[in-house]
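There are 2 protein chains.
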Amino acid sequence: MQKLYIIKIGGNVLDDEQVLNSFLKDFSSIQYPKILVHGGGKIATKIGDKMGIESNYVNGRRITDQPTRDLVTMVYGGLINRQIVTTLQHNNCNAIGLTGADGNVIKAVKRPVGDIDFGFVGDIEPKNVNTSFLYFLLKQNVVPVFAPLTYADGTLLNTNADTIASVLAIALSKHFNIRLIYCFEKKGVLKNVDDEGTVIRSIDTAYHHQLLQEKVLFDGILPKLENAFGAIHQGVNEVLIGHSADLLKNMGEETEGTLIRK
Amino acid sequence: MQKLYIIKIGGNVLDDEQVLNSFLKDFSSIQYPKILVHGGGKIATKIGDKMGIESNYVNGRRITDQPTRDLVTMVYGGLINRQIVTTLQHNNCNAIGLTGADGNVIKAVKRPVGDIDFGFVGDIEPKNVNTSFLYFLLKQNVVPVFAPLTYADGTLLNTNADTIASVLAIALSKHFNIRLIYCFEKKGVLKNVDDEGTVIRSIDTAYHHQLLQEKVLFDGILPKLENAFGAIHQGVNEVLIGHSADLLKNMGEETEGTLIRK
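Protein chains in written order, with the working numbering: chain A, 268 to 529; chain B, 268 to 529.
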């Protein structure tokens, strides 16, 4: 099967224009089919502050009320997504900006109200990805760029970008040999969280269990590894966790970051 | 050749949610290949006011400085465009939201600085429309929805929506038998501007000249007719000027609005 890179970037890339532009230049030079998924970063909060839209939290978790939904539609789906696409075109990468609603690519379910009403938040599953349209775009050498928004019942829904990346990877694993890359603020999974020289180059299921028993990993990385193995066990070939500046060094068999396989 | 409807809506549809939703329901029910082009309306000014972004005018013409460019990227390319697409999906119309940068569909030239520097404004020509990508989308039964933004040299550019609609129509007239529809605040071109009962049902080149000589038309409609005949003389089959509420009555040979042909 043909290779496909699905690459996710978050605040540490998006919030610094120079870092973002340098990343997008590297991304453009990848000669394989590829998909970019971006998060939101701090820009929405900054613009929300200017507009007098408050960020509401319940038990430390952000609530997407209607003004916040419209704010992220503007910032994630407009400002960030359109500017990334325009910069990629300038680098001769034929990108197209998508939310889940565009081309019906990712239909969600609005998160049911339990103890907390998260508001306009979407939960998604691989079976609700329109893989045939994405396949068609990729075959035209068009590069999909996803904003962290999906939709249901006529409304856009705020959706976690890490989840969009893994759900896309799982859904497209029928058609492609996928490397899912999470750009991270560190060079990879570190044995010693304070020492960038201790990147673990590769982790398989057995080694993951061993690391968990040894309790050497720092807490922040545990859910990321959990998600990575979740994707691996649903058909994704490889997950790589690495720094955005190392993107081009994380394409092949030898990597700077941490390569995760079954 | 197959029929294609290219339909442009502006502030009189966009600024009233109920009118917009009713229009989008009608639009969704059109069984032919179709493209929607939307303007900006008053929403950008309203949000700009909240954010403290001033509208700058020189000789009565709006200037797109950098804060305004970012504002229209958010509002036209994000809020309005993404919400229209989401509503269309809810009406079972498989829409996709595009700026000129997405899929490289419309490359512009930044308007050269003359007596006035208009700032981030794009001028466009039919030859710079990526018709093959649009043709592919239309053949997949995907409905392109254009925000009034194009791009050049790595920046998005504010672009007149009427012009986007006519440039798309001219460029696609090689592949399709096109009816370009401008949704207007009146039912059509009126012989007596104060009487909606005086719609002129059809105008051809000869009758246009006669109307100009008789000086019966009100000034506001003259540039619209000029643009319409410009499109007609560059390959577009028909231009229709009519009210958004009459959309479905303006599809066939009998129309409520004004049908313009060579």
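Calculated from the structure, these hints are not laboratory results. Values in this document were obtained by computation on a predicted structure and should not be read as measured data. Treat each hint with caution, since some may be false.
Any copy, or any two copies together, can satisfy a pair, since identical chains are not distinguished.
[Claimed, not checked] Derived lysine-lysine pairs resembling DSSO-like cross-links, with alpha carbons at most 27 Å apart:
{"#": "1", "residue 1": "K292", "residue 2": "K374"}
{"#": "2", "residue 1": "K529", "residue 2": "K309"}
{"#": "3", "residue 1": "K491", "residue 2": "K317"}
{"#": "4", "residue 1": "K441", "residue 2": "K406"}
{"#": "5", "residue 1": "K377", "residue 2": "K292"}
**OP:** Find the hints from earlier in the document that the structure breaks and name them by number, from lowest to highest.
**Re:** 2, 3
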